[in-house]
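Engineer: Chain by chain, the residues:
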Amino acid sequence: MSVDADRLAHQVKLAYDFIDALHRQALGLIKDVETQIGEAAEALECLRPGGNYCYSANRMSYSLATPQPVIANYFSVFFRHFPERQGRTTPVGEHTPPIAFVMVVLHERDLDHPEVRFGVITSMTRAPGRDDWPRTVEQTPTHVTDKALTGNVPWAGRGVQERDYRDSYLSFHLTGAGVRLADLPDSEAVAREVVTRLLAMHRQASSLPGGSA
Amino acid sequence: MLQAQIHHKVPREFEGMEDVLTSSTIGLLSYLPSAMAASVVAELAQIPLETETIEVALWPNYTTPPGFRASAHPDGDAEESDSDRGRTEPDAVLSGASWLVVLEAKYHSPLDEAYDQLGREFAIGFNEARKHGFYRLLVLTAHTLEPKPAGVSLVQGVQRAVAKVQGAGAADMIAAVPESLRWTNWQRFYRILNRRSDDPGYPTHTRRLLGDACRVLELHGLVPYDSTGIENAMLKWQSSAIPEEAWTSPLVYRSRTVVSLSAGWGEIMGLDASGLDALTWCPYLATLPGKTRRSERRSLQLEDFELSSLQPIEWQPYQRGGTLHERRC
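Those sequence lines, one after another, are chains A and B. Numbering of the first sequence is given in numbering that gives the first Met the number 0, commencing with residue 0 and proceeding in unit increments. Numbering of the second sequence is given in numbering that gives the first Met the number 0, commencing with residue 0 and proceeding in unit increments.
Rather than coming from a laboratory, the hints here were simulated on the basis of the structure. Just so we're clear, the structure is a prediction, and the values are computed from it rather than from any experiment. Careful: at least some of the hints might be erroneous.
To be verified - DSBU-like cross-link-like pairs, simulated, lysine-lysine; straight-line CA separation at most 30 angstroms:
#, chain 1, residue 1, chain 2, residue 2
1, B, K163, B, K130
2, A, K30, A, K12
3, B, K130, A, K30
4, B, K163, B, K147
5, B, K235, A, K12
6, A, K30, B, K163
7, A, K30, B, K147
8, A, K146, A, K30
Please work from the sequences and hints to get the whole structure.
Structural biologist: Here it is as structure tokens:
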């Protein structure tokens, strides 16, 4: 059975165009949230993993031993309020400030619709007896997202999610919610459905004992 | 300057300056054909569209109106002179024969919580507009929703601020605020420019100018988020199985002919498919006759043609006396 060369070329172009559009959509939404929460009174700013202003995505394998498609299942970004211009990292310890997050989940085993998850992580501490990793919250986005924010049931339509997370590296409390990506057609919907609710969660977390932003 | 910004040839701190952004985008209106610039301003400022000449003045400065002060007066309540009050500089004043728009643009810097700046600019524009007629104070920011500095709406804040204006006419000015003040954002400005840059009805060099201004706004992330991109991509996927010719070839169903699938899409979608006879597609009747084209005809998998909404209809290539499938056999 041979492959129609023209058809293959057409399908490859379509596929790349679609993935490009899908990823741009996800990143555009995250940029929109970043702009909006940056303008809010809380003035939340992006954490910079590795010092870089970038998003996090699922771990991708580049191994030829077990070739896998390199494609992002999710994009996530973490935010906090930086009270001073100095000190742009966030130590993990007793006084870890509330960390807001926004992620666009495009593909997951039990996910029916791509969705946007957002919420606040509080009380992040290292596991007892562990003092080597993580030293800063900036080191953790991929770990936190892979372990605690993905892989369970979809979030959209299930109200506010509250859970405690603990593993051999760290522990934290998570409050969040989800909205289907299709229900966020424009910036106004993002403002109503995501940003306003996220800021309310962050405000509440900051007002709790030990939650000063 | 536009090109230097687009290619990151200027320092980052310079790129982020509000005045540079204003110059690269609002300043562009000076170089556009007058009618187009006027239509951009009319849409942005939500004023009646008029095709006429437009004057664009960036950072003009005026004497601060009585009642306001640019800086603290050393003599307390002593009578002020014009020079005591200092000067006020809106970001732009855009004017046509019968309207005047005073523009205050904000990017990184916040709106003044005391509303002093907007109050001064409103008063200046209100007085200047006596020569023009229609007046608008347009506040352009990067917010997605209308900002409320100090928790007060823009209209209320400016009304409180202009209440400081001394002399006759202050009450008229306060009453005019709700009608004359509008807020908009850079993202909406992007949408207005981008739509025109895509319009083949405008000259190429004008569209290029608009396109470059849009690139500058994109660099700053001042682009509206919407689902247009992904919707277009989905549409491309959905229609990918339809041969290109199908969109432009005559289409026959029952005894009727639709000019083409693209032109007749609305009509086709409105049909009760279950009551139709086989829908017949005639791609080659006029365009591809002759033996040399037969191999091309065979390469089209018309029997595989699927479109979820048209599935009840059997699509067949039109041929008098038989189908393409029969001919292949």
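Engineer: Evaluate each hint against the coordinates.
Structural biologist: Now the hints, each set against the structure:
1. The hinted pair formed by K163/B and K130/B meets the criterion: a straight-line CA distance of about 23 angstroms does not exceed 30 angstroms.
2. At roughly 26 angstroms between alpha-carbon atoms, K30/A and K12/A fall within 30 angstroms of each other, so this suggested pair holds.
3. Pair hint K130/B plus K30/A does not hold up; C-alpha atoms about 43 angstroms apart against a cutoff of 30 angstroms.
4. Between K163/B and K147/B the CA atoms are separated by roughly 20 angstroms; this keeps the pair inside 30 angstroms, and the hint holds.
5. With a C-alpha separation of about 11 angstroms, the suggested pairing of K235/B with K12/A holds against the 30 angstroms cut-off.
6. Of the supplied pair hints, the one linking K30/A and K163/B is violated, its CA atoms being roughly 40 angstroms apart against a limit of 30 angstroms.
7. As the CA atoms of K30/A and K147/B are separated by approximately 22 angstroms, the hinted pair is consistent with the 30 angstroms bound.
8. The suggested pairing of K146/A with K30/A holds, with an alpha-carbon distance near 24 angstroms, which does not exceed 30 angstroms.
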